[in-house]
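Visitor: Based on these hints, arrange chain B on the given structure of chain A.
The lines below spell out each chain.
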Amino acid sequence: MIRHHLFWPVAALVVLLVVNTVFNPSFLEIELQDGHLYGGVIGILRNGAPTLLIAVGMTLVIATRGIDLSVGAVAAIAGAIACTWIASGGDALTAMLLALCVCVLLGLWNGFLVSVLGIQPIIATLVLMTAGRGGAMLITEGQIITVDDPLYRQIGAGFLVLPIAILISLSVLLAVAALTRGTALGMLVESVGTNPRASRLAGVSSRTIVWTVYVFAGLCAGVAGLMISSNVNAADANNAGLWIEMDAILAVVIGGTSLAGGRYSLAGTLVGALVIQTLTTTVYSIGVPPDAILVFKAVVVIAVCLLQSPRTSELFGSRRRAGPARTRTPEVSAV
Amino acid sequence: MNVLDVRRVRDRVERVPRRFLPVIATFVVFVLVFGTGLVRYDNFGSPQVLVNLFVDNAFLIVLAVGMTFVILTGGIDLSVGAVAALSTMIAASTLEAGWPPLLSVLAVLATGTTLGLLMGLVIHFFDVQPFIVTLAGMFLARGLCFLISVESISITDPAFRSLATGTISLADGVTLTYSTLIALAVVLVAVYVLHLTRFGRTVYAVGGSESSARLMGLPTGRVRVGVYAVSGFCSALGGLLFSLYMLSGYGLHAVGMELDVIAAVVIGGTLLTGGVGYVAGSVVGVLVLGTVQTLISFEGTLSSWWTKIFIGALLLAFVICQRLMVRRAA
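So the protein sequences, as listed, match chains A and B.
Mapping of the first sequence onto our numbering: position 261 corresponds to residue 261, and the numbering continues sequentially without gaps.
For any residue, its number in our numbering is found by taking its place in the second sequence, counting from 1, and adding 335.
Here chain B stands alone, though its shape is the one from the complex:
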């Protein structure tokens, strides 16, 4: 490569705005991790493996979208896993009681959104730390699961089952589930809301500096409460997708999933201090986690706890990179 080429490449790199760098870095890691799989295993290259990343992690993508909203305002939502579990439980128990599927879905979404809204109201009006409020929300939602039933309830409703097992064939026998489409739709809506609506712009403004946003006359209170309602809605929807995936409701579903979700969002380049990050990054973050899991299942001899160690190591690497980048920019 001669000097001119180098300069041209550098120009092009500099034209990419700095704020996209974390997302690009995440994407590069995704390509690298996926590439490792391609090199090591013959079947890893099949398109179905790539599609399955979306199929197996549809619920995680939806949860990560909701969490991104919250983290963008500088908050945190520890209740997502528990609310998702509660959703599986409500769906399964109402279907068992003979509710029509649509009503049951509405009940789930309403419950999740209400829980999120309540947490947001407490955080905003009583000035209690999000960490504590959502932790209490997590305990509450998990506890409610067990009040409904201690046992796992299987879902036998024909409409749910057909939605769960139905597949859409793409070319070459590659199949998608409806959950995947729902997850992708959620991502698109989230991107629209965050970038093209007043609510979304205020989310970024509140995360950047809440006092400045307030002085600018932005409705910070509404947004601070709103993001928790969004996260509650996403957790409920994610829970529904999870109930489609497992075809059961159980109080012990999705234990510790909030940590996976936070890890995915952070790996996706969203700063926990708020104001910086993209939904797309969170999606790639989920894909990285999914790929690590797939790699470990392909390896076969590695035990499942290696997943946790890998995720921890990845998280660490990302946080340190982000830290260095922020320090250089400052």
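Just chain A, with the same shape it has in the complex:
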């Protein structure tokens, strides 16, 4: 069991939940009020929804051996567009559609740079990460735009027994899981991540697949941006989605998806996103100054990464050579 790729992330999550319960015995209680569920765990789900959604898009990008640093900026742009449109008297539905269209365009742009021009993903998306936030500032003219629209409020703060935000994120997660694991699509994505050239020679249209995952990541970032801005009823071009790309990448990595591409685990991403959000909540609830949260994040990330590192399992393995044979195929060393 210790060899299962989700063992350490799940263990981390359980430890965090136990710590929370120790400090706050009512943490695990869930109440039903006015047809809405409330409680510590529900709060984690609700606040973690944008990170989870972005992490789902990021998982596919990372599976193709890419990375998307621009998602935070794209989220800020989505919020900026939607709020500006609503503030100027527009309809909330049109505003959201408009914002998502722009996000798809931004995803197309990232995908174009990576798949057609062949620019390294980290740099290609760094362009939009830098310029995108500037663009969001341009849209809001440097102001924080506040809106008050009942429909817009639903996407981030609304409830349908459970928070709507987490329902959206989970259904996207399930849809992606069904689509990629139920068909050959997931295998094709992994084959592109393992060796783009060989996949192309084998008849896989790598370019289309890579391009598509960036568009999908852009779309996820857009929806997450709408959730973030709707939750606070405002668009803050400077701070909306700040560092969320890092959280999403961490969630993906904690979940056991390798940054070297070639394999991914959506269940791992779900656990990873929950670990990140639970960690945040835990730090708040045990009374550590919120600013120190970054130290905890760093410790958890390093711990989980070290425990998952093939070198560590080699160290374990050499001591227990008599144990069951490794079921996982040995790692191909990145040369």
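Among the hints, a few may not be true.
Said to hold, decoys possible - Output of the computed footprint for chain B on chain A, the stretches with three or more beta carbons under 8 Å from beta carbons of chain B: (1) 55-66; (2) 155-161.
Stated by the list, open to error - One-sided and incomplete, this derived list gives chain B residues near chain A with beta-carbon spacing under 8 Å: (3) L475; (4) L479; (5) V485; (6) I488; (7) L637; (8) W640; (9) L650.
Unchecked claim - Over the 10 Å line for every Cβ pair with chain B, so calculated as not near, a few chain A residues: (10) L105; (11) V172; (12) S199; (13) L259.
No wet-lab data here; the hints were simulated from the structure.
Glycine residues also receive a C-beta, built at the ideal position from the N, C-alpha and C atoms.
Guide: Okay, now just chain B, sitting in the frame of chain A:
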């Protein structure tokens, strides 16, 4: 121009080794951007504007030097901005506690180097991606800042203040700060190390092809760990220069600076795949970013967020050019 002249020019161009082309391209862009300023504004031509590019970006130059080492091996260091912030914080808090300035500087440099060394060790011995390890390093360093203090701490130490405000007069009332000299010294040392020492040559070899370097018997492990220690040291030193520039320590100093640094290094012609690039290029890259900022402040009516958009556009242009050049060479 007659045919003979054209041929002579072409000969001369071809004599310039291909590998210098990206740096030359960066320099041309620098001249063009600076030229735009010269044409548009009367005061842009004053030598002080040019010198101020170095004065205002001394810390960025030092950070870019460290990042160049890391990127040359094909790695990346996302922690530089946070380590710089931690350095300002350690300097400010130890000085406030009454440490002698020299001890405080040593503490800062030791902390930065140790952090870099630790990250390098994790990257090398546990085979974890540099991106993730240095990201964790960034979180750790930022978090430590806030553990020291959430507030900004101002630096009142007389020695620090005099170092910060002291200027060296060049001709015509053009003045330099000591930070600039330190930054230039770092650049010279880096050029020496990269081109004239075994360590430096191994850095290029590891970036070119790590397995070949290892098969040649080069100490790849030592170098892979070493570059992160170098980058940590440079981040700490850059942080010290930044604390001289701001005369305060604050956990929110230098937020997002790692991206500016990476942008400067890439604009300077260093390939992120490793093995290709020069410290000089990174310095010119920093100067390009600095000039863009100066231009926007001269313009006055343009808001500061245009800087980000311009930097993004420049980065894009450079990456596409590099891509085309690599493709033609291949």
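Visitor: Are the hints correct? Go through all of them and say.
Guide: Comparing the hints with the structure gives:
Counting residues of the segment 55-66 of chain A whose CB lies closer than 8 Å to any CB of chain B gives 0, so the stated coverage by that chain is violated, three being the minimum. Look at the segment 155-161 of chain A against chain B: 0 of its residues bring a Cβ nearer than 8 Å to a Cβ of that chain, fewer than three, so the hint is violated. Taking 8 Å as the C-beta contact cut-off toward chain A, the hint placing B:L475 at the interface holds, the least distance being around 4 Å. For B:L479, the suggested interface contact is upheld, since its CB lies about 6 Å from the closest CB of chain A, less than 8 Å.
Given the 8 Å rule on beta carbons, the hint for B:V485 holds: about 5 Å separates it from the nearest Cβ of chain A. The closest approach between the C-beta of B:I488 and any C-beta of chain A is roughly 14 Å, which is over the 8 Å cut-off, so the hint fails. Interface hint status for B:L637: violated, as the beta-carbon distance to the closest one in chain A is roughly 11 Å, over 8 Å. About 4 Å separates the beta-carbon of B:W640 from the nearest beta-carbon of chain A, less than 8 Å, and the hint is met.
For B:L650, the shortest C-beta to C-beta distance to chain A is roughly 5 Å, which falls under 8 Å, so the interface hint holds. The beta carbon of A:L105 is kept farther than 10 Å from every beta carbon of chain B, the shortest such distance being approximately 16 Å. No beta-carbon of chain B is positioned within 10 Å of the beta-carbon of A:V172; the least distance is around 24 Å. Residue-level check passed: A:S199 sits 20 Å from the nearest beta carbon of chain B, beyond 10 Å.
With 10 Å as the threshold on Cβ separation, the claim that A:L259 sits away from chain B is violated: the shortest Cβ distance comes to roughly 5 Å.
The structure fails hints 1, 2, 6, 7, 13 (numbered hints given earlier, in ascending order).
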